[in-house]
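Chemist: Listed here are the chains, written in short residue letters.
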Amino acid sequence: MIELIVFAVAGLACLAGAVGVVASSNPVHAALSLVGTLFGIAVLFVAQLANFLAAVQVIVYAGAIVVLFLFVIMLLGVDRVEDLRVEPLGGGQRVTAAVVAAGVLGLVLTALASTGWDATGAVGEVDESVPDINQLGEALFTRYLYAFEITSLLLVIAVVGAVLLSRRVRGEQEIVDPGQAERQAEITDRIARAEARASATNGSDDEDVEREPTPAEEVRS
Amino acid sequence: MTAAIEVTPAWYLVLGAVVFSIGAFGLLIRRNPLVMFMCVELMLNAVTLTFVTFSRMVRDTGGQSIVVIVLVVAAAEVVVGLAIIVALLRKRPGATADDVAILEG
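Protein chains in written order, with numbering that gives the first Met the number 0: chain A, 0 to 220; chain B, 0 to 104.
Derived from the structure by calculation, the hints contain no laboratory data.
Any given hint could be a false lead.
[Stated by the list, open to error] According to the in silico footprint, chain A covers these stretches of chain B (three or more CB under 8 angstroms from chain A):
hint, segment
1, 19–30
2, 52–62
3, 69–75
4, 88–96
Beta carbons: idealized from backbone N, C-alpha and C, even for Gly.
All chains should be modelled from the sequences, with the hints used to inform the complete structure.
Modeler: In structure tokens:
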């Protein structure tokens, strides 16, 4: 009975979070919904006796990955609301996406149903009295040692790649905007005209001061 | 008194399949690269849930071991992917997935 309640609550959290990620118009809300799904999955891990993985799930996903998402959202200022009636590609793409997602779901469920909802074959010899962390440690450091070592190499490559990608190259043109030069010239021109008007009204004070040519005048000459 | 409903592993598998499908649907309809990335995370999590379920069903630690490796790969993937998204959005604020070509060259 308790397992049923745990499954129902955690499963609902998972589904609500997943729908929230897809349907939120604000990326911050999507990231927070993702936390709901991750916690639900962690609870389901505990329900399946994978306590260590549940802890790692909360620490790595909720503690690191979602925080990284939120940092990127806040730092880049993309936390604006999108119009979901326009923003997801309209009409055709939405229908196609629904068909593809339903197809994937149907395929998996059919595969599962074809085994009589009992999709298992060989049964291993795990002793459930040994804590899962001991079993996991033994498996990772003996049978799967090479895979485990390669992940460390992968992490190093990821760190180097992230630094390289997010490095700001000096002198690089920041914003690619076709009309930027014209607008900049117009703004400096307007500032120059305002300055000229201001100096004309109280021109007697600084008449003899050599006025520096404004950038717009330099451009025009 | 009715018999208590037993939660079989198939329930977890179905839940994993549903979450995976929602993630796939979101990945296909959203254009904001950050939200698309979150949908990929959803799909990864659905698969890890399936792996843990199978690990318990067949009484083997292989499933749990591969979940640890998936976690590491997901962390590395997020780091590199977010770096690419930062580079993209810095070049053109409000960029969507259609604008990734501006990173060329």
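Chemist: For each hint, tell me whether it holds in the structure or not.
Modeler: We went through each hint and held it up to the structure:
{"no.": "1", "hint": "19–30", "in the structure": "holds (count 11)"}
{"no.": "2", "hint": "52–62", "in the structure": "holds (count 10)"}
{"no.": "3", "hint": "69–75", "in the structure": "holds (count 6)"}
{"no.": "4", "hint": "88–96", "in the structure": "holds (count 6)"}
Every hint, counting from the list given before, is met by this structure.
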